[in-house]
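Participant: The primary structure of each chain is shown beneath.
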Amino acid sequence: KAGVTQTPRYLIKTRGQQVTLSCSPISGHRSVSWYQQTPGQGLQFLFEYFSETQRNKGNFPGRFSGRQFSNSRSEMNVSTLELGDSALYLCASSEGDTNQPQHFGDGTRLSIL
Amino acid sequence: ELKVEQNPLFLSMQEGKNYTIYCNYSTTSDRLYWYRQDPGKSLESLFVLLSNGAVKQEGRLMASLDTKARLSTLHITAAVHDLSATYFCAVDMEYGNKLVFGAGTILRVKS
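Residue numbers (our numbering), protein chains in the order written: chain A, -1 to 111; chain B, 440 to 550.
The hints are simulated quantities; they were obtained by calculation from the structure and are not laboratory data. Honestly, I wouldn't trust all of these hints.
As the list claims (entries may be wrong) - Restricting the straight-line Cα-Cα distance to at most 27 Å, the calculated cross-link-like pairs of lysine-lysine (BS3-like) are:
(1) B:K480 <-> B:K549
(2) B:K480 <-> B:K495
(3) B:K549 <-> B:K495
(4) B:K480 <-> A:K11
(5) B:K442 <-> A:K55
(6) A:K55 <-> B:K480
(7) A:K11 <-> A:K55
(8) B:K495 <-> B:K456
(9) B:K456 <-> B:K480
No experiment lies behind these values; they were computed from the predicted model shown.
Make the full structure from the sequences, and use the hints.
Facilitator: Take a look at the structure:
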């Protein structure tokens, strides 16, 4: 069974630009969550989508948004990029039952110049 | 607001020794997860603990959960170099998959 796939793996952008990250969950998984990992703040929850609906949201500004498609693939968009948005963005999928572990992708490393 | 604290944050140990990583959380929850992250890699699920008194073991690692004390432990037995990694605990208290992570414990096992 293929794991969680995130594209691209690396991305370099400049301040003010926007970016879209993609995540393909494990086949059959309906829940997709996004996390930001930085050396200073650690792992922080961005949002979760389940059956195309945002089910949970973290404490990030509105510049961070996401969506989920009918095939459970998810995208995350960050607009008006800031230097502080440089991070590893991790996507995780699960069957949807909250008692199952989330399976993480390899992440997208976003660098803002 | 849910807070998750791990200690120690850094652990250097000799091969063959035993040690315990502690994970405290601030509000009631009965869903706790342990993950491992190798440098430059993603997170790998180790254990899912879903009830008070739950104990799970895999190889040299054993995790337990005490929901009344709001405490989970990850015990390492007879450490080997391959266990060197960063270990995270995470708590999920709301409906849906919204994990709050601890800061992580960097484990270095020296031969």
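Participant: So, for every hint listed, does it hold in this structure?
Facilitator: Comparing the hints with the structure gives:
| no. | hint | in the structure |
| --- | --- | --- |
| 1 | B:K480 <-> B:K549 | 21 Å, holds |
| 2 | B:K480 <-> B:K495 | 24 Å, holds |
| 3 | B:K549 <-> B:K495 | 25 Å, holds |
| 4 | B:K480 <-> A:K11 | 22 Å, holds |
| 5 | B:K442 <-> A:K55 | 16 Å, holds |
| 6 | A:K55 <-> B:K480 | 25 Å, holds |
| 7 | A:K11 <-> A:K55 | 25 Å, holds |
| 8 | B:K495 <-> B:K456 | 20 Å, holds |
| 9 | B:K456 <-> B:K480 | 26 Å, holds |
The structure meets every hint from the earlier list without exception.
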